[in-house]
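Asks: Listed below are the residues making up each chain.
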Amino acid sequence: MLWIAIRMLTGDKQKFYGLLFGIAFSTLLITQQLTIFVNLLERGASGTYNVSSADVWVMDPVSRTTDVAYALPSTALDQVRGVPGVDWAVPHLRANASVRTKDGDLEGVAIIGVDDATLIGLPKGMIEGSTDVLSQPDSVIIDDVGAERMFPGQSPIGERLELNDQRAVVRGIADAIPSFTSTVVLYTKYSQALRYVPGTRNRLSFVLVGAADGIDAKSLSERIEEQTGLKAQTRDEFARDGVDFIIENTGIPLNFGITVLLGFIVGVAIVGLTFSLFIRDNIKQFGALKAIGVTNGKIAQMVAVQAGMVGMIGYGLGVLGTVGFISAFSNDPTFKGFYIPWQIPLISFAAMVLIIVLTGWIALRGVMNTEPAAVFR
Amino acid sequence: MTETGNQAERQPAIRTRGVTRDFQAGQQTIRVLHGIDLDVCPGELTYLVGESGSGKTTMISIMCGILWPTDGDVEVFGTDIYSLSDTDLVNFRLQNIGFIFQQYNLIPSIDAASNAAVPLIAQGMDRLEARERAVAMLDKLNIADQAGKLPNQLSGGQQQRVAIARALVHEPRLVVCDEPTAALDAKSGRRVMDLLREVGVAEDRSVIIVTHDNRIFDLADRILVLEDGRITHDGTDMPEDH
Ligand SMILES: Nc1ncnc2c1ncn2[C@@H]1O[C@H](COP(=O)(O)OP(=O)(O)OP(=O)(O)O)[C@@H](O)[C@H]1O
Ligand SMILES: [Mg+2]
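Protein chains in written order, with our numbering: chain U, 1 to 377; chain C, 378 to 619.
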């Protein structure tokens, strides 16, 4: 009987494809939008994740994220270095500046000053050039997404920039996770960064700390807070802060939430309508089967198999579509580093099951309520 | 066949006692059948005729276990079918009754042989084995060569024969048909009736046919006339005034 159920379904090509389309479209929309959402959110943590060697970030108590930070007093560095359990502590400067390109355009950039001696604060990998280039005068390293944005289709190496009236030469490209706003990032030595950032107020944004062997980052951060009165966050806490900041301060969750909900509703609508039409078209056949002697339980199984088959194939297509989308755009700077967290296919699977159960149940009721005696009318 | 065979001969194929059926039409209750007492004999081709609205379809539906009577008892080959549980009644139909619907109700996406095999598949027989049996039945009905075609590739008469094959393939003891020849020309209509008699009527089996079709009245063993929910004639021929 299940074979007959499947043939009934696949035999009606138009509706079969309609059902597949509905589920696939829904799954694609939900999976793809959630994927972009999660990846975008994670970019709120990019500033933290780009500095993978820092176990603890120390900042002014009002600072919230890598990009929303209030300046620290310059004494903070020595204070932090005095806390037991701190293996090393280095200064870290983050500031915004305007840069004039060769064509005369003005572009807002982020300047990140990394420790002169250890270069802690740079992203782990380089795409072009080595980190040594920072020892040459006026050197900056640009992040890869920023390079593509500021110098589309050409190599930025050797390009001269004017940073707040100071000369800067691009000498390397870093492999960095782009920030939420995809701002161009220029890395330079801390001492050099101080020259690019005008004024005397902001001389130190963060102190980056490495924990001594055997010291756990969480307890170290608590000890730093206690002894210095500053705010100290472990890397994971601070990454989380970056994500939370985006959730709280942008309309992104709402926007994506609405799209995901729309995907679900569209799925229910297309699948529900098509499935009901399919059942209605076959109601005489189902009635005949009931008269001949197929139990309601068997009929329910048949409908379940039909719904389940549409669901599985449609879901597979939808997830494949998302994978295809993500990989097709993997070279696009906007989608750099995007991946599909394993939870997302599970969520869209649950949504798909919900759609199928809901619409299948409605359709099934129609079949169940058909009296076998109706076949003689 | 010893005991059961003898028993089947003595026992009517269908016995109804005091069968009534009411339908609700808005506020009113309409009595469509008025206490029908009837014995249908095995080995006979029985016609149920009557004017439109006289209750033929209602009667035949009650006799084959797909419509509950408001009152009265229905025994099919000795089984009081409406005292069975729902599931048992469904299984009883599956084992004992073949149906030929006026609109055939074939499944459009499976071929003729698979359509004819449906009752066997529903009984749990392996699909290919069921299909083989169905092809043999189609052969008896002279359309084995159409076994691999989809219903919409067949003519009306061919679809009709596929429907007959489906009604007979599991060798049910009772076959019921509502207006089997209405859609056919006179010649095909008679051929269908011949086939039904040939394959469906045997010592311990019977066929009941609801029909308007006076072109085939002469083929019946017994003709019952229903008027306003009562049987007004019971004989081997049609009454004069019809
Ligand atoms: N499900 C139902 N609900 C309400 N009334 C019904 C129902 N089924 C049948 N009837 C009524 O019962 C009466 C007999 O109907 P039935 O279908 O048995 O007649 P019939 O003899 O088969 O007629 P025809 O030759 O037109 O098929 C009709 O008046 C019909 O309106
Ligand atoms: Mg009728």
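These are calculated hints, taken from the structure and not from any lab test. Model, not experiment: these values are computed from the prediction. Just so you know, not all the hints are guaranteed correct.
Claimed, not checked - Some chain C residues judged to face chain U by a derived CB distance under 7 Å, without partners named:
1. T447
2. A499
3. M502
What the hints assert, rightly or not - Negatives, chain C to chain U, calculated, CB over 10 Å:
4. I484
5. P485
6. P496
To be verified - What follows is a list of derived Cβ distance ranges for each label pair:
7. C:D416 / U:I265: 58 to 64 Å
8. U:V266 / C:N468: 18 to 24 Å
9. U:V266 / C:T447: 43 to 49 Å
10. C:D465 / U:W342: 45 to 51 Å
11. U:W342 / C:E548: 51 to 57 Å
12. C:D450 / U:V266: 53 to 59 Å
13. U:T10 / C:T464: 26 to 32 Å
14. U:L254 / C:G403: 33 to 39 Å
The C-beta atom is built at its ideal place from N, Cα and C for all residues, glycine as well.
Asks: What are the numbers of the hints the structure violates, in ascending order?
Replies: 1, 3, 4, 5, 6, 8, 14
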